[in-house]
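Undergrad: Each residue of the sequence shown is one higher than the last, beginning at 1 in the numbering used here.
Treat the hints as calculated values from the structure; they're not laboratory data.
We put the CB at the ideal spot given by N, CA and C, even for glycine.
You can trust all of the hints, since none of them are fake.
What follows is a list of derived Cβ distance ranges for each label pair: (1) 73 <-> 30: 22 to 32 Å; (2) 7 <-> 67: 16 to 26 Å; (3) 87 <-> 16: 26 to 36 Å.
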Amino acid sequence: MTYAELQAALAEFNLPEQITLKRIRERHRKLVRQHHPDKGAAPDNDKIRRINAAYKILNEYVSHYSFDFSRETFYNQYPEERLREQFYDVGLWGQKG
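Based on the sequences and whatever the hints tell you, model everything.
TA: In C-alpha coordinates, the structure reads:
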(Lines of atoms letter the chains of each structure in order from A; the text may use other names.)
(Lines give C-alpha, C1' and ligand atoms only; values in the text may rest on other atoms or scores of the structure.)
Protein backbone atom coordinates (compact mmCIF):
# COMPACT_ATOMS: atom_id res chain seq x y z
CA MET A 1 0.00 0.00 0.00
CA THR A 2 1.19 3.50 -0.78
CA TYR A 3 0.29 6.75 0.94
CA ALA A 4 -1.56 7.81 -2.22
CA GLU A 5 -3.67 4.63 -2.04
CA LEU A 6 -4.44 5.32 1.61
CA GLN A 7 -5.51 8.88 0.78
CA ALA A 8 -7.64 7.62 -2.12
CA ALA A 9 -9.34 5.14 0.21
CA LEU A 10 -10.15 7.93 2.67
CA ALA A 11 -11.49 10.03 -0.20
CA GLU A 12 -13.66 7.14 -1.44
CA PHE A 13 -15.19 6.98 2.04
CA ASN A 14 -15.23 10.80 2.35
CA LEU A 15 -13.44 10.58 5.71
CA PRO A 16 -10.97 12.93 7.40
CA GLU A 17 -7.40 11.89 8.15
CA GLN A 18 -8.11 11.29 11.84
CA ILE A 19 -10.86 8.73 12.32
CA THR A 20 -11.78 5.78 14.54
CA LEU A 21 -12.02 2.17 13.43
CA LYS A 22 -15.67 2.22 14.48
CA ARG A 23 -16.36 5.14 12.14
CA ILE A 24 -14.59 3.39 9.24
CA ARG A 25 -16.76 0.29 9.73
CA GLU A 26 -19.95 2.36 10.03
CA ARG A 27 -19.13 4.26 6.85
CA HIS A 28 -18.36 1.03 4.98
CA ARG A 29 -21.70 -0.51 5.99
CA LYS A 30 -23.57 2.65 4.98
CA LEU A 31 -21.88 2.86 1.57
CA VAL A 32 -22.38 -0.84 0.84
CA ARG A 33 -26.08 -0.61 1.74
CA GLN A 34 -26.42 2.50 -0.38
CA HIS A 35 -24.70 1.13 -3.49
CA HIS A 36 -25.31 -2.62 -3.29
CA PRO A 37 -26.63 -3.97 -6.61
CA ASP A 38 -29.52 -5.74 -4.87
CA LYS A 39 -30.60 -2.63 -2.95
CA GLY A 40 -30.08 0.44 -5.09
CA ALA A 41 -32.31 1.72 -7.85
CA ALA A 42 -29.33 1.97 -10.20
CA PRO A 43 -26.83 -0.78 -9.31
CA ASP A 44 -23.21 0.23 -9.69
CA ASN A 45 -20.94 -2.80 -9.48
CA ASP A 46 -17.85 -0.66 -10.08
CA LYS A 47 -18.71 1.57 -7.12
CA ILE A 48 -19.10 -1.48 -4.83
CA ARG A 49 -15.71 -2.76 -5.99
CA ARG A 50 -14.11 0.62 -5.21
CA ILE A 51 -15.80 0.77 -1.80
CA ASN A 52 -14.62 -2.73 -0.89
CA ALA A 53 -11.10 -2.07 -2.18
CA ALA A 54 -10.94 1.14 -0.13
CA TYR A 55 -12.18 -0.71 2.96
CA LYS A 56 -9.52 -3.37 2.46
CA ILE A 57 -6.80 -0.69 2.35
CA LEU A 58 -8.13 1.13 5.42
CA ASN A 59 -8.57 -2.11 7.33
CA GLU A 60 -5.04 -3.23 6.43
CA TYR A 61 -3.64 0.09 7.63
CA VAL A 62 -5.40 0.03 11.00
CA SER A 63 -4.58 -3.67 11.48
CA HIS A 64 -0.88 -2.81 11.37
CA TYR A 65 -1.17 0.44 13.28
CA SER A 66 0.88 0.63 16.46
CA PHE A 67 -1.28 1.95 19.28
CA ASP A 68 0.23 4.17 21.94
CA PHE A 69 -0.97 3.37 25.46
CA SER A 70 1.27 5.88 27.20
CA ARG A 71 -0.06 8.11 29.96
CA GLU A 72 0.37 11.24 27.81
CA THR A 73 -1.59 9.77 24.90
CA PHE A 74 -4.32 8.60 27.28
CA TYR A 75 -4.70 12.10 28.69
CA ASN A 76 -4.75 13.58 25.19
CA GLN A 77 -7.66 11.27 24.34
CA TYR A 78 -9.43 11.85 27.69
CA PRO A 79 -8.43 15.34 28.94
CA GLU A 80 -11.16 15.31 31.59
CA GLU A 81 -9.34 12.43 33.30
CA ARG A 82 -6.21 14.54 33.65
CA LEU A 83 -8.30 17.23 35.37
CA ARG A 84 -10.08 14.68 37.55
CA GLU A 85 -6.76 13.22 38.66
CA GLN A 86 -5.28 16.66 39.36
CA PHE A 87 -8.24 17.97 41.32
CA TYR A 88 -9.82 14.81 42.74
CA ASP A 89 -9.09 15.75 46.34
CA VAL A 90 -10.06 19.41 46.01
CA GLY A 91 -13.80 18.91 46.31
CA LEU A 92 -14.66 19.61 42.71
CA TRP A 93 -16.18 16.15 42.36
CA GLY A 94 -17.58 16.11 45.86
CA GLN A 95 -14.88 13.93 47.38
CA LYS A 96 -13.37 16.30 49.93
CA GLY A 97 -14.22 19.82 50.70
